[in-house]
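Those protein sequence lines, which keep their order, are chains A and B.
FYI, the numbering for the first sequence is 6 to 366, going by my numbering.
FYI, the numbering for the second sequence is 138 to 449, going by my numbering.
A few of these clues could be false.
[To be verified] Straight-line alpha carbon distances no greater than 25 Å define the calculated SDA-like cross-link-like pairs of lysine to any residue that follow: (1) 331(B) / 292(B); (2) 292(A) / 385(B); (3) 223(B) / 331(B); (4) 63(A) / 385(B); (5) 350(A) / 430(B); (6) 418(B) / 211(A); (7) 64(A) / 446(B); (8) 147(B) / 438(B); (9) 288(B) / 326(B); (10) 156(B) / 443(B); (11) 350(A) / 156(B); (12) 328(A) / 352(B); (13) 82(A) / 363(A); (14) 54(A) / 321(B); (15) 211(A) / 335(B); (16) 257(B) / 289(A); (17) 331(B) / 303(A); (18) 442(B) / 321(A); (19) 195(B) / 300(A); (20) 272(A) / 204(B); (21) 321(B) / 340(A); (22) 303(A) / 388(B); (23) 292(A) / 321(B); (24) 257(B) / 174(A); (25) 245(B) / 391(B); (26) 340(A) / 289(A); (27) 377(B) / 292(B).
[As the list claims (entries may be wrong)] Computed Cβ-Cβ distance ranges for the label pairs, DEER-style: (28) 146(A) / 360(B): 26 to 32 Å; (29) 213(B) / 307(A): 46 to 52 Å; (30) 155(B) / 351(A): 40 to 46 Å; (31) 338(A) / 210(B): 53 to 59 Å; (32) 81(A) / 210(B): 27 to 33 Å; (33) 321(B) / 64(A): 31 to 37 Å.
The set of hints was computed from the structure by calculation and includes no laboratory data.
Cβ coordinates follow ideal geometry from the N, Cα and C atoms, glycine included.
Letter by letter, the chains look like this.
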Amino acid sequence: MKHSMLWQKKLLILCGTGGVGKTTTSAALALRAALEGKRVGLITIDPAKRLANSLGLKKLSSEPQNLNHYIEKTLNKKIKGSLSALMLDSKDTLHKFLFTIGGKETLVPFTNSNLFQIISDNFSGSHDYLAMEKLYELHHSNDFDLIVLDTPPARHTLDFLDAPDKIARFFDDRIFSWFLTDARSNKIIEKIRAKGAKTALSVLEKLTGSGVLHDFVLLAPHIYKVKNSFVERQRKIQTLIRSDKAGALFVSSPTDLARGEAEPFLKDAEKQGITILALLVNRSLRKLAPITYAQMRKQAPDAAPELLENYQNLRFLVEEEEKNTKLLEKLAGTKYQTFSIAEWKEDIHDIHGLYALAQNF
Amino acid sequence: MRVNAEKITKDILDELSRKKLLVVTGKGGTGKSVLSVALAFYFAKKGKKVWLVEFGRKHDSNFSRLHELLDSAPLHHKITKIMEEKNGALWASRIDPTESLAEYVGLKIPGGNLASLLLKNRVTASFLEIVPGLLELVCLGKLWFHLTNKKANPAPDLIILDGPASGHAVTLLHAPSNFSRLTKQGPIYSDAEKMQKFLHNPENTSILFTSLPEEMSLEETREHRELLKEFSQPLLFINKNFPRIKNIKIPANTPEILTDSYHYSQQRAERENSAIKNFQKETHNWPIVNIPFFFPDSDKIPLAKKILESFL
């Protein structure tokens, strides 16, 4: 129960650079919280199937899938709380939002639009906005005591926090109303009175042809109907993320590379008003080579050269780790807690592996 | 199987040297940047004019480490000269999407300050932000322009793109075909069509994946490839192959720590080896280049240089 503060929040966000085991750690933490009695929703923004794989599943859908029966059968153990997992799917989420807001009548004009089809693809830039929408949905379902969010690698981790502002900027009435014109007219631009906007839009039309703008103008009145609800939900989630009900765990590895991302990340997180709960150094090798190479040579002068060379190599890794852990601790100061988890004994790809990992928290 | 590994690597690199664009991608932490730098130096030393690029906006450049690996000042949209010799050269840039867009508009609609109007007007600026993939498209377009247009300056022989991680790379590489789904008119559309042909032609473009020798990482590489099916057979660089130690008999009086560390390394190498074997079986022998694990020892030689030397 060393780190039970990690599951006392309503929303736990795991951040960090790629390759440090963020997804696996998210899954292990979620499992641990479920075992402790929390009703946990585990969600990954990453479109890769890694979360499913780490749970030993082939795939996950974009709706929470309750895993209690599966976990209890595998571990032969009762879960006090519950664990549901899902993988964000942009298109499903957007469709569901539109349907919730106004039923089929609202949804159809969107699904008929070419532009909308592309915008709602998993690999378009809309993924971040829809992650927020999905969080809203989960948070307000009241089905969960805790939501664990696995984010994409650090460089983009905090980008999704700007999503509400970006979308609100675009949907600003002063701008958006330009597009609310009669699309049956072929001369959209002529109807726009402001001279600057008129010229700018003609330039745009010269580049993209009139099709894209036309598609947008066709869709604009429908967007106008739902935009306020969308922005409002985005804002509410932004407020939650910045409140004391949410917290972030920064996941790092003992390498120079991962540690180097910590400083810009922490700065950014503080600026954004995110509560940082702790810094985690994952896959620590320290226990494998606890004494220096010189000490080992003294202790075992006659050992086979292969054994000693291997020890020396591991020692290089441990020294890098010690240096980086110190740097992280210095960075954390008295503000944040730092802790480490020992190197995993195997590739974690099932509930048993996650269960073993979960014991570290 | 490892007997010919060096020759295979050399053949593969020779083949790569005949391409125009190499896109390096893979999940985070698998060594994309370090491999991009090693390859850039490799080809520059072989006499090519190489331009190493990454895409990114100015405001998040504090996350970029490419210049550190090159041992240079932070990179900008404009070219930084890293190395210039009699034949070969190495230049590097961090290509900014907004500046690329401005350049593109300037090319297509010469005269006046229309580009800045387009980017400064709030209506069009927000519209440009939401047209899916447009900013990615103009960044890719800039590379394509420099590789195919006689008037372009600089005119590199080869561009290496230190690409974004998995999902974002899919967005980037699909940008031309997505734009064609949106409209069939205008100069962007016709350029996007030409770019798509360029990208799909194996004589011009190769995608280089990076992965760690771990089951999950390799599985993701396979998923990633599925999403980029329309591109030619990618090449996979497996980074950080843990060294295999000779099997030895351990005497009874050996300290426990020493035995444990030996077993750790043995098991790790074994696990990696079987993960790679499985991967090869499932992918019907993708071409693979294995890069050794370099321990952070005290020799101070930069990692990219060690990888480069393993190629030579």
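Could you grab the alpha-carbon distance between residue 292(A) and residue 385(B) and see if it respects the 25 Å cut-off? Holds, because 23 Å separates the two Cα atoms, which is no more than 25 Å.
Would you mind confirming whether the straight-line C-alpha gap from residue 211(A) to residue 335(B) stays at or under 25 Å? holds (24 Å)
Does residue 321(B) pair with residue 340(A) here, judged by a C-alpha cut-off of 25 Å? It is violated: about 56 Å lies between the C-alpha atoms, which goes past 25 Å.
Do the beta carbons of residue 338(A) and residue 210(B) sit within 53 to 59 Å of each other? The hint (53 to 59 Å, Cβ to Cβ) is violated, given that residue 338(A) and residue 210(B) are roughly 30 Å apart.
For a C-alpha distance cap of 25 Å, please report whether residue 288(B) and residue 326(B) respect it. Holds. Residue 288(B) to residue 326(B) sits at ~21 Å (cutoff 25 Å).
Does residue 438(B) sit within 25 Å of residue 147(B), going by the straight-line distance between their CA atoms? The hint holds at about 23 Å.
Pairwise hint evaluation, residue 156(B) against residue 350(A), where the allowed Cα distance is 25 Å at most: The hint is violated at about 41 Å.
Given hint residue 446(B) paired with residue 64(A) - CA-CA distance at most 25 Å: Since the Cα atoms of residue 64(A) and residue 446(B) sit roughly 41 Å apart, the hinted pair is violated (cutoff 25 Å).
Regarding the pair residue 156(B) and residue 443(B), is the alpha-carbon distance no greater than 25 Å? Given that 25 Å is the threshold and the Cα spacing comes to 24 Å, the pair holds.
Taking 25 Å as the top limit, are the C-alpha atoms of residue 328(A) and residue 352(B) close enough? violated (29 Å)
Below or equal to 25 Å on CA atoms is what counts here, so check residue 292(A) against residue 321(B). violated (61 Å)
Would you mind confirming whether the straight-line C-alpha gap from residue 223(B) to residue 331(B) stays at or under 25 Å? violated (33 Å)
Hints 3, 4, 6, 7, 11, 12, 14, 16, 17, 19, 21, 23, 25, 27, 29, 31, 32 from the list above are not met by this structure, while the remaining hints are.
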